[in-house]
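Asks: Each chain, written out:
2 protein chains.
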Amino acid sequence: MKIAVDAMGGDKAPAEIIKGAVLAVQKYPCEIILVGDEKKISEELEAETCGKIFPITIRHASEVIEMGEHPADAVRNKKDSSIVVATKMVKDSECDAVLSAGSTGAAVAAAQLILKRIHGIGRPAIATPIPTPRGITLLLDSGANVDSKPEHLIQSGIMGSLYAEHVLKIKNPSVALLNIGEEETKGNEQAKETYKLLKTLQTINFAGNAEGRDIPRGKFDVVVCDGFVGNVVLKFGEGLALTIMQLLTEELTANGGAKLLGRKLIAETFRNMSKRLDVSENGGAPLLGVNGCCVISHGSSNAKEICSAIGVTCDYVNSNVFYRIKNAL
Amino acid sequence: MKIAVDAMGGDKAPAEIIKGAVLAVQKYPCEIILVGDEKKISEELEAETCGKIFPITIRHASEVIEMGEHPADAVRNKKDSSIVVATKMVKDSECDAVLSAGSTGAAVAAAQLILKRIHGIGRPAIATPIPTPRGITLLLDSGANVDSKPEHLIQSGIMGSLYAEHVLKIKNPSVALLNIGEEETKGNEQAKETYKLLKTLQTINFAGNAEGRDIPRGKFDVVVCDGFVGNVVLKFGEGLALTIMQLLTEELTANGGAKLLGRKLIAETFRNMSKRLDVSENGGAPLLGVNGCCVISHGSSNAKEICSAIGVTCDYVNSNVFYRIKNAL
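Those protein sequences? They're chains A and B, same order as listed. Start counting the first sequence at -4; every next residue gets the next number (our numbering). Start counting the second sequence at -4; every next residue gets the next number (our numbering).
There's no promise every hint is true.
Stated by the list, open to error - Estimated spans, in silico, between C-beta atoms of each pair:
hint, chain 1, residue 1, chain 2, residue 2, range
1, A, E184, B, G115, 23 to 33 Å
2, B, L324, A, H114, 31 to 41 Å
3, A, R266, B, Q21, 16 to 26 Å
4, A, K321, B, L237, 33 to 43 Å
5, A, K321, B, K191, 35 to 45 Å
6, A, E245, B, K191, 31 to 41 Å
7, B, L196, A, K86, 43 to 53 Å
8, A, A249, B, H55, 22 to 32 Å
9, A, K191, B, H55, 37 to 47 Å
10, B, H114, A, D75, 35 to 45 Å
Claimed, not checked - Taking lysine-lysine pairs in the DSS-like style, the calculated list, with each CA pair at most 25 Å apart, reads:
hint, chain 1, residue 1, chain 2, residue 2
11, A, K181, B, K111
12, A, K164, A, K83
13, A, K181, B, K74
Unchecked claim - Partial list, computed: chain B residues near chain A (C-beta under 8 Å):
hint, residue
14, I48
15, I51
16, I53
17, H55
18, D142
19, E206
20, R208
21, E233
22, T238
23, L260
24, E263
Just so you know, the hints here were simulated from the structure itself, not pulled from any lab data. Bear in mind the structure is a predicted one, so any value in this text is a computation, not a measurement. Virtual Cβ for every residue (Gly too), placed ideally from N, Cα, C.
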């Protein structure tokens, strides 16, 4: 298996991306092609590998798409950017998948423009695995598209169900629609129309409406929503988790708990907590619905998270979910 | 000041509602009319007051609107329900405000059907105060209406700004639009159109787009969104906070921290944390944009939270925000 990794994408690129790749090839049976500035990458790679041979090669790409750029315009104009070159390698069957921690918008635009959508899919969707006390809840779409129509949400339901079953290994995964109440009659026009369509769908295990609180509780295996709502919810959760940690530290310091626990134990508790809450510990989020395997990682990913995302990418390719989606539509 | 309190609305009604009312009249300069089943209320009230005289009276209402009922239908059909009777008392100028912890949908429907909307307001909005480390962030709409149009979001911005300034006492409050990115070009059609309109508005301090993570961080004083997104975000936050507490307890138990801290200190820490995160500690959420003061409290409210919501209701009435909104439009 060959994976094209956008070595220039992410807050800590290229150093952490390269470190993550080196970790991954020792853990997973895959070959990695690091795409980006050859000189920078080879320097980092040499420093990291110390002459040892790993199944890692470099593909030069002279440009980088920055976070602030308009995704589609940047993909069209920067033909030699790392994400465009990496995505083209999938299109040309040089690689089985592409992974990027760079601009999500650019990765989605590159996939849509270069790989194109699977026939029958109106909009691709990013499926983000959210850790919960009961396991993973897959939320999609978490930001690939806004202004989704009911049929796009149905397609997300089908794709999410296949991913949950074959990659996350959840048997007969429950699929719910994110809404403002449990009853069928609740919600905006989009939600009400989508509910009707999901209810008649025989190929998934539709479990009704999910309310916001059902996501962190892990009540359903797959939760479907449009990309605007999904993105807002995920970022809100990120911010809230950080705020709670901050308040908790203040409380423990104020009431003397911090002294009793000691710095080490507090640090350990918080580290473990963060691990259990941190999406990136569960690796990358696949962009489902495009003609090829494309996985997106959080912009702040460090080496360990990149390694984990490469593991997710391997599972995704091996699961044949991409072909299963093609056949389901 | 006279406040009509829906004594039958809420998970812990009527007992906790009545206890809350008794607390409130001792704390705030107001008179309370408890609306609902006279027999039940008078029994509870006597048990609570033990013969002492408080400025609390009872108005009988024979029906109750339950949580599962269709709000508008229930309001139309149950003319003698506690929320309908309480709302009518505001309409008839018998009371200055109505407070309910019952079905939010029913309270909103009663307000819209009985009090009607303020001239110039297309949709009313529930403004929920969210506690953050930097103070309160007012999120609106948090569920009164779905499928809002840009002009409704603009009106929410104006109403939220007035409420933040005159009730929350925030000088020149910053107003942001909830979106999936900071840039003006980001978001769905609704958000992009709303941004354009907010930018040209001279009467509020528009601060651009807010991302989901900016809400718990308290980056802005007022955050505007449609009721679908607001409701999902609030419920997600509620669920996530509980999940984090649960995981944290597990972590502390597993690593021996719980033993060091002791049950009492853990309980105290969590209680204080919850207080700082709990929306209900900050009292009720006003329904802005209807012809009268209507405040909504969380369904799970206990006596302390009802008391706090009555305090919010007093502040709201005293601030003249209701008249300020009328004049601003």
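Asks: Would you mind marking each hint as holding or not holding in the structure?
Replies: Hint check:
With their beta carbons about 25 Å apart, E184/A and G115/B fall inside the hinted range of 23 to 33 Å. For L324/B and H114/A, the hinted distance range of 31 to 41 Å is not satisfied, since their beta carbons lie about 50 Å from each other. Between R266/A and Q21/B the CB atoms are about 47 Å apart, so this pair departs from the stated range of 16 to 26 Å. With their beta carbons about 40 Å apart, K321/A and L237/B fall inside the hinted range of 33 to 43 Å.
Range check, K321/A to K191/B: Cβ separation about 40 Å, and the 35 to 45 Å hint holds. A hinted range of 31 to 41 Å holds for the C-beta pair E245/A and K191/B, which are about 40 Å apart. L196/B and K86/A have their C-beta atoms about 46 Å apart, which keeps the hinted 43 to 53 Å range intact. Look at A249/A against H55/B: about 48 Å separates their beta carbons, and that is not inside 22 to 32 Å.
The beta-carbon spacing between K191/A and H55/B, approximately 42 Å, falls within the hinted interval of 37 to 47 Å. Hint check: H114/B to D75/A, Cβ distance near 59 Å, so the stated range 35 to 45 Å is violated. Among the hinted pairs, K181/A with K111/B is consistent with the structure: their alpha-carbon atoms are about 22 Å apart, no more than 25 Å. For the hint pairing K164/A with K83/A, the CA-to-CA distance comes to about 30 Å; that exceeds 25 Å, so the pair is violated.
A distance of roughly 23 Å separates the Cα atoms of K181/A and K74/B; the hinted pair therefore holds under the 25 Å criterion. Interface hint status for I48/B: violated, as the beta-carbon distance to the closest one in chain A is roughly 40 Å, over 8 Å. The criterion of a C-beta within 8 Å of any C-beta in chain A is not met by I51/B, whose closest approach is roughly 33 Å, and the hint is violated. Against a cut-off of 8 Å between C-beta atoms, the interface hint on I53/B is violated, since the closest Cβ of chain A lies about 32 Å away.
Hint status for H55/B: violated, given a least beta-carbon distance of 30 Å to chain A, over 8 Å. Residue-level restraint check for D142/B holds (minimum Cβ-Cβ distance to chain A is 5 Å; threshold 8 Å). With its C-beta approaching chain A no nearer than about 5 Å, E206/B sits inside the 8 Å limit, and its interface hint holds. The criterion of a C-beta within 8 Å of any C-beta in chain A is met by R208/B, whose closest approach is roughly 3 Å, and the hint holds.
Checking E233/B against chain A by beta carbon gives a least distance of about 5 Å; that is within 8 Å, so the hint holds. The closest approach between the C-beta of T238/B and any C-beta of chain A is roughly 4 Å, which is under the 8 Å cut-off, so the hint is satisfied. Of the supplied interface hints, the one on L260/B holds, with its beta-carbon coming within about 5 Å of a beta-carbon of chain A, less than 8 Å. Hint status for E263/B: holds, given a least beta-carbon distance of 6 Å to chain A, under 8 Å.
Figure legend: structure checked against the earlier numbered hints; hints not met, in rising order: 2, 3, 8, 10, 12, 14, 15, 16, 17.
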